[in-house]
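Student: Fit chain to chain and form the complex, with the hints in mind.
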Amino acid sequence: MTLAQRGRWLTLGGLVLLAGVYVRALAYTPTERLQGLAQKIFYVHVPAAWSAMLAMGLVGLASILFLIMKDYRFDRFAAASAEVGTAFSLVMLTTGPMWAKPIWGTWWTWDARLTLTLFLFFLFIGYLLLRGAVSEAPLRARYSAVLGICGLVLLPFIHLSVYLFRTLHPMPIVLKPSAPSLPGSMLVTLLCSFGVFTLLYVGFVMQCYALAGASDEARASDG
Amino acid sequence: MAEGPANGGYMVAAYVVAAIILVTYAVLLYQRTRNL
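As you go down the protein sequences, you meet chains H and S in turn.
Numbering of the first sequence is given in the working numbering, commencing with residue 25 and proceeding in unit increments.
Numbering of the second sequence is given in the working numbering, commencing with residue -19 and proceeding in unit increments.
Isolated chain S (complex conformation) (with noise of 0.2 Å):
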């Protein structure tokens, strides 16, 4: 089979972006609901 282009680098950035925000915002979230 054909190779593709190579643009892993993109991919990895895109998932590794997506992962920070979801995970930095998870953790807000803990530390806001904490105390509740």
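In isolation and in its complexed conformation, chain H is listed as follows (with noise of 0.2 Å):
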């Protein structure tokens, strides 16, 4: 089986797994009492975030082996992974402003947190045009490489935005130094969330990175 295959049985399987999540999210976890069920956005957008940071994440740290290593995997790795973070941003976009309007009373407010999440989606962008904008490859390497380095310095003042700024945004509820302050079967939901979000993102992440050994391959014969 190839890789694209098996990227593809993985996330037929994700997709599945996410049904589920969606019937335990809907008639296995309470309703939060204040928030009514608009906090149950919450089992989407939560993890389709995370699931955007760790693609960044990995984008900078594939970007930073590509510069020590010139290996060109590192490189056709974080173009993979940058492409997927795209699709998770937009999911985290989305849904963000979905939950804000009953919450907050509007879609959207330019707040530390929300405006930097802007960013990182804007970062995917940028990396996937200048990918498609520069044709020699070793250049077009060391140039997303830089820029994806961008990209990973840039999580770690997203994450604490929230600490270093005034903001609207709700705190960390599951990644913070104490213990998750959800209850077991709200926690449980989101774990399964972030679980089946994770495995989508390398179901999706493997079909891309064939797609980059196709090309590349292509490329090669041409040249």
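Just so you know, the hints here were simulated from the structure itself, not pulled from any lab data.
Careful: at least some of the hints might be erroneous.
One side only, chain H facing chain S, incomplete, derived with CB under 7 Å [claimed, not checked]:
1. Val47
2. Thr55
3. Arg57
4. Gly60
5. Lys64
6. Leu114
7. Met122
8. Pro126
9. Trp128
10. Gln231
11. Leu235
12. Ala236
13. Ser239
Once the Cα atoms are required to be at most 20 Å apart in a straight line, the calculated SDA-like pairs of lysine to any residue come out as [said to hold, decoys possible]:
14. Lys94/H / Ser159/H
15. Lys125/H / Glu56/H
16. Lys94/H / Cys174/H
17. Lys125/H / Val(-3)/S
18. Lys125/H / Val7/S
19. Lys125/H / Cys174/H
20. Lys125/H / Gly(-16)/S
21. Lys125/H / Thr4/S
22. Lys125/H / Val(-4)/S
23. Lys125/H / Leu61/H
24. Lys125/H / Ala(-14)/S
As the structure is a prediction and not an experimental result, all values here were calculated from the model.
Idealized CB from N, CA, C, for every residue including glycine.
Tutor: Below, the structure written as structure tokens:
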């Protein structure tokens, strides 16, 4: 079985499990008393944000490894992770306002966390545009590695923005030094969703990596 | 137990939008990798 086929099966499994997470969130997870059903958006929004940040973190790490080792497999992985991260960023940026409207009374506010996550999305887009604009492989890999490392530097600011700035965005409730501040059943649903989104990330990246490999081979045979 | 605010429509919309984005991306990747 090829890498792309394995990625397809993982993706299919992830999508089926995502349906399972929806069922668990809707039917077997209690509704928060103050926020109502809108709170359940959290089970999609937070794992999407996690996956987007995981994607950018791995773009950055692969970029550093590429610059040190000059191994184009790292460049291909970074490109694959950036494309997948763009999709998860889109989920994060569309589901967030759908929670914000009923809870904050507005779709969007230019506070630090929201603005920085929008930067993250633009960074993904910029990364992909840069790769499309530079045709020479060594230059493309080097330029995009630098941009990928910039994305890695942005991540701690996004995570810590709720501590560093006055912001409307809720504080972390799971990824924090103390124990998660969620009732057990909500925490299980959230962790299941984290697992499913991570599985989808892996399945998507395997397919994108296979595509990048095929595209590099085609370019090499043309050139 | 007290009922929460009636905002289930936002939750449904968010779940549908997330599913559409992820399924659409999965289908696009399937089409792109089909001939590998």
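Student: Could you run down the list of hints and mark each one as holding or not?
Tutor: Here's how the hints hold up against the structure:
no.	hint	result
1	Val47	11 Å, violated
2	Thr55	6 Å, holds
3	Arg57	6 Å, holds
4	Gly60	3 Å, holds
5	Lys64	5 Å, holds
6	Leu114	6 Å, holds
7	Met122	4 Å, holds
8	Pro126	4 Å, holds
9	Trp128	12 Å, violated
10	Gln231	5 Å, holds
11	Leu235	6 Å, holds
12	Ala236	11 Å, violated
13	Ser239	10 Å, violated
14	Lys94/H / Ser159/H	18 Å, holds
15	Lys125/H / Glu56/H	17 Å, holds
16	Lys94/H / Cys174/H	19 Å, holds
17	Lys125/H / Val(-3)/S	15 Å, holds
18	Lys125/H / Val7/S	30 Å, violated
19	Lys125/H / Cys174/H	31 Å, violated
20	Lys125/H / Gly(-16)/S	16 Å, holds
21	Lys125/H / Thr4/S	25 Å, violated
22	Lys125/H / Val(-4)/S	17 Å, holds
23	Lys125/H / Leu61/H	13 Å, holds
24	Lys125/H / Ala(-14)/S	13 Å, holds
Of the hints listed earlier, those the structure fails to meet are numbers 1, 9, 12, 13, 18, 19 and 21, in rising order.
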